[in-house]
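Use the sequences and the hints to build the structure in full.
Number of protein chains: 2
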Amino acid sequence: MKTQLMQAQAGVVTPEMAHVAEEEGLSPELVRDRVAAGQIVIGRGRFNDRRIVGIGKGLRTKVNASIGTSSDICDLEHERRKARVAEEAGADTLMELSAAGDLDLIRRTVLREVSLPVGNVPLYQAFCEAIQRHRDPSRMDPEALFDLIERQCEDGIAFMAIHCGINRFTIERLERQGYRYGGLCSKGGTLMIQWMLKNNKENPLYEQFDWVCDILKKTDTILSLGNGIRAGAIHDSLDRAQMAELILNCELAERARERGCQAMVEGPGHVPLDEIEANILLQKKMSSEAPYYMLGPLPTDVGAGWDHVTAAVGAAQSSMHGADLICYITPAEHLALPDEADVAVGVKTARLAAHIGDVVKLRGRADRADMQLSKDRRDFRWGDQFRNLLFPEDARRILESRKSVSGKGCSMCGELCALKNAETTLNRHLKGEKRNTAPAGVGTD
Amino acid sequence: MKTQLMQAQAGVVTPEMAHVAEEEGLSPELVRDRVAAGQIVIGRGRFNDRRIVGIGKGLRTKVNASIGTSSDICDLEHERRKARVAEEAGADTLMELSAAGDLDLIRRTVLREVSLPVGNVPLYQAFCEAIQRHRDPSRMDPEALFDLIERQCEDGIAFMAIHCGINRFTIERLERQGYRYGGLCSKGGTLMIQWMLKNNKENPLYEQFDWVCDILKKTDTILSLGNGIRAGAIHDSLDRAQMAELILNCELAERARERGCQAMVEGPGHVPLDEIEANILLQKKMSSEAPYYMLGPLPTDVGAGWDHVTAAVGAAQSSMHGADLICYITPAEHLALPDEADVAVGVKTARLAAHIGDVVKLRGRADRADMQLSKDRRDFRWGDQFRNLLFPEDARRILESRKSVSGKGCSMCGELCALKNAETTLNRHLKGEKRNTAPAGVGTD
Chain A
1 MKTQLMQAQA GVVTPEMAHV AEEEGLSPEL VRDRVAAGQI VIGRGRFNDR RIVGIGKGLR
61 TKVNASIGTS SDICDLEHER RKARVAEEAG ADTLMELSAA GDLDLIRRTV LREVSLPVGN
121 VPLYQAFCEA IQRHRDPSRM DPEALFDLIE RQCEDGIAFM AIHCGINRFT IERLERQGYR
181 YGGLCSKGGT LMIQWMLKNN KENPLYEQFD WVCDILKKTD TILSLGNGIR AGAIHDSLDR
241 AQMAELILNC ELAERARERG CQAMVEGPGH VPLDEIEANI LLQKKMSSEA PYYMLGPLPT
301 DVGAGWDHVT AAVGAAQSSM HGADLICYIT PAEHLALPDE ADVAVGVKTA RLAAHIGDVV
361 KLRGRADRAD MQLSKDRRDF RWGDQFRNLL FPEDARRILE SRKSVSGKGC SMCGELCALK
421 NAETTLNRHL KGEKRNTAPA GVGTD
Chain B
1 MKTQLMQAQA GVVTPEMAHV AEEEGLSPEL VRDRVAAGQI VIGRGRFNDR RIVGIGKGLR
61 TKVNASIGTS SDICDLEHER RKARVAEEAG ADTLMELSAA GDLDLIRRTV LREVSLPVGN
121 VPLYQAFCEA IQRHRDPSRM DPEALFDLIE RQCEDGIAFM AIHCGINRFT IERLERQGYR
181 YGGLCSKGGT LMIQWMLKNN KENPLYEQFD WVCDILKKTD TILSLGNGIR AGAIHDSLDR
241 AQMAELILNC ELAERARERG CQAMVEGPGH VPLDEIEANI LLQKKMSSEA PYYMLGPLPT
301 DVGAGWDHVT AAVGAAQSSM HGADLICYIT PAEHLALPDE ADVAVGVKTA RLAAHIGDVV
361 KLRGRADRAD MQLSKDRRDF RWGDQFRNLL FPEDARRILE SRKSVSGKGC SMCGELCALK
421 NAETTLNRHL KGEKRNTAPA GVGTD
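As they're listed, the protein sequences go chains A and B. At position 116 of the first sequence the residue is numbered 116 (full-length UniProt numbering), and the sequence of numbers has no breaks. At position 297 of the second sequence the residue is numbered 297 (full-length UniProt numbering), and the sequence of numbers has no breaks.
None of these hints come from the bench; they were simulated from the model. Don't take each hint at face value.
Below, in silico cross-link-like pairs of lysine to any residue (SDA-like), each with a Cα-Cα straight-line distance of 25 Å or less [to be verified]: (1) B:Lys-201 to B:Glu-172; (2) A:Lys-201 to A:Phe-169; (3) A:Lys-434 to B:Leu-238; (4) B:Lys-434 to A:Asp-274; (5) B:Lys-434 to A:Leu-238; (6) A:Lys-431 to B:Gln-177; (7) B:Lys-420 to A:His-134; (8) A:Lys-420 to B:His-134; (9) B:Lys-198 to A:Phe-380; (10) B:Lys-434 to A:Glu-275; (11) B:Lys-420 to A:Asp-274; (12) B:Lys-403 to A:Glu-340; (13) A:Lys-420 to B:Lys-403; (14) A:Lys-420 to B:Arg-135; (15) B:Lys-201 to B:Ala-130.
Written out as structure tokens, the structure reads:
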């Protein structure tokens, strides 16, 4: 199978590229050129509606929802419902991250439940099986790992987080710096480090990186270069261990690109609000603008219970500065496995944050809804407002719960509504258009 | 009565300045010097515990909760409960913004319900009374307005948002620019514009600004220079009308300072995420760093129903760049009068946002909790974690609802917990301290 990347490099505009171009208001050739340059990846759902999702430079920031079982909470129906909730709430991609139960069954069930591109982390299953078989994750068999990756790709996994950037060099940097206030918080990354230290071997996913690419290319599964050393505390942000892994992941993104395998790089974790821009700048420079998949980031460590909001703050910032795919964080983060309600809240807050960033990053291509909504609000076209709101049903529920009886505004200001008084007083001055505003460009960005 | 500002200018460290210094980890002299320079204001609750709250340069970013009736929802007990909820959720100040009912009674009731400094907007009552008496807000009597301000100060109002910066110049800028995509959204500001146009008179609060200051000085009520032309749409941000008012408000802050009246400046509204920094820079430069009281800001217009999150994104950004007091936004914003649950959510999200900004703005003085929490999380000291979380009860509720039975971590990762595996594998490497880290300064900033 020729990957989207290989076809783009051969000058072909595929139907998928044309679809992304159409959806994002860009020219097909621009999308093709960016796919060819490894700056845009295109993922596809493999069942149902087979949603096509572009991730990368100049595109709307996408939102990923992660679900999956743990050894504590393991219920196939629960996972099926969470997958549906995530899609209904507006996620662009879904990660199936189960670490307990019949992992093949759960994966195949979830894949068929949604139309979204589904991603996963093959190391979870590899280590779970080693634990089941040998009660020892360090007995994970690399040969079996590569087979497993192939099987998961064949099942229809659209993108795969693989921890290739952890190697002896990275671990040495971690040891030499001698601290980690938040410890390590990547499950797959930490298990791989354990495996390497116990077996005194290099990471097979790094050592045989070309093999990883070649497996993924067969199904055009996107390689998402896992962030195994990510910071779990703001005081660990931009430390040398994390930067070492980022360097390697950016190098590997380039190598994957040259091999025809679509790739993106994963990042943060916990990052103070003023360090997010630098983090993204580094990733973009070192990878020649490979798509950046951001977990959070969380700009404080003390928000547990409200970390969907903490992450929204970080995600808006990262979206503005160039992150391309945002992984949601739910209110259960740091505390428990998310339930269906958590999934819905997580997706909504991440979508809101992504849009806030897009208003800046994409300007006219992203903020038309804001402009129209504002005019509709100003002019009391309540019905029209709901067309441009991100969450019309939630807004309607609040509006209807406490309707205004005294004015055409809402119950917040009642008769003193400023919009109403401004309309009466200054109507003709307020309803003009800003002069000399260039029209929003279509076809370029 | 000598105001805090007058005493500071005379070189006196008042008990209030000493209290603020103690609470914020600064030297009393530094606080005094900044009060003298008009860069810190100090407000006090007037009843119960009489909470003392410092707002301004180098201090923790404070959070205001606004409550109050409207012509649609008007219930004294409801207001009393909202006031209590706001204080319990951790607000630093409270604004009583009622615009319907027995306004004197509501104000006095709310003032006695909390220990926080309580602010208000005198124009609401002035215009409400004009509407009641004459069915016409343009018949508001300026003499009565000044009497009302004096009476409200005597009741114990600690800070007062007064729309002094709207004048003929400001309105002319608004008319000349000829557009406002979000209309006007300040109740008091719009009513004042209406009054000026109808009566063809200058704004008495601008014209007789010294009188305003002299009234407030008698009770050391802080003048909060109202933001009457604030943008209600991101496309109106940094427009000429808004900037005209900001120029005047900064000029008036200086005049108030020179007259011995404590003053702060109010700002945004709706502002795209990348324009917040410039907005604050302008206010700080033009006012010689008067405290900046920020409403929101909201960096998108399409978030109704989730605008507490929209505002958290903006508030973290503004807190980071120098905003000193953040007004919360609740999930009911743009839709309905907030209820008790909305108030609690609004306060919590604003506190979280303020802290995220403080981590950057105040560094070591703000992020110690983050550092300790991260170590406690890393080392599974669950009980200790709750001491440093912003919302320990909410976190505990989620944790307890789905406890881990399989590991010492939580049910999210169960047996695959990365923290646990990292501890087993790399313990001695992870538990050091970062070398050459200067200790967090106390007494300076």
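A quick look at each hint next to the structure:
1. B:Lys-201 to B:Glu-172: 13 Å, holds
2. A:Lys-201 to A:Phe-169: 12 Å, holds
3. A:Lys-434 to B:Leu-238: Holds. Lys-434 of chain A to Leu-238 of chain B sits at ~13 Å (cutoff 25 Å).
4. B:Lys-434 to A:Asp-274: Holds: Lys-434 of chain B and Asp-274 of chain A sit about 20 Å apart, inside 25 Å.
5. B:Lys-434 to A:Leu-238: Given that 25 Å is the threshold and the Cα spacing comes to 13 Å, the pair holds.
6. A:Lys-431 to B:Gln-177: 10 Å, holds
7. B:Lys-420 to A:His-134: This hinted pair holds, its Cα atoms lying about 19 Å apart.
8. A:Lys-420 to B:His-134: Holds. Lys-420 of chain A to His-134 of chain B sits at ~19 Å (cutoff 25 Å).
9. B:Lys-198 to A:Phe-380: Holds. Lys-198 of chain B to Phe-380 of chain A sits at ~24 Å (cutoff 25 Å).
10. B:Lys-434 to A:Glu-275: Distance of about 18 Å is within 25 Å: holds.
11. B:Lys-420 to A:Asp-274: 30 Å, violated
12. B:Lys-403 to A:Glu-340: 17 Å, holds
13. A:Lys-420 to B:Lys-403: At roughly 51 Å apart (the allowed maximum being 25 Å), Lys-403 of chain B and Lys-420 of chain A break the hint.
14. A:Lys-420 to B:Arg-135: 16 Å, holds
15. B:Lys-201 to B:Ala-130: Answer holds: Lys-201 of chain B to Ala-130 of chain B is near 17 Å, not above 25 Å.
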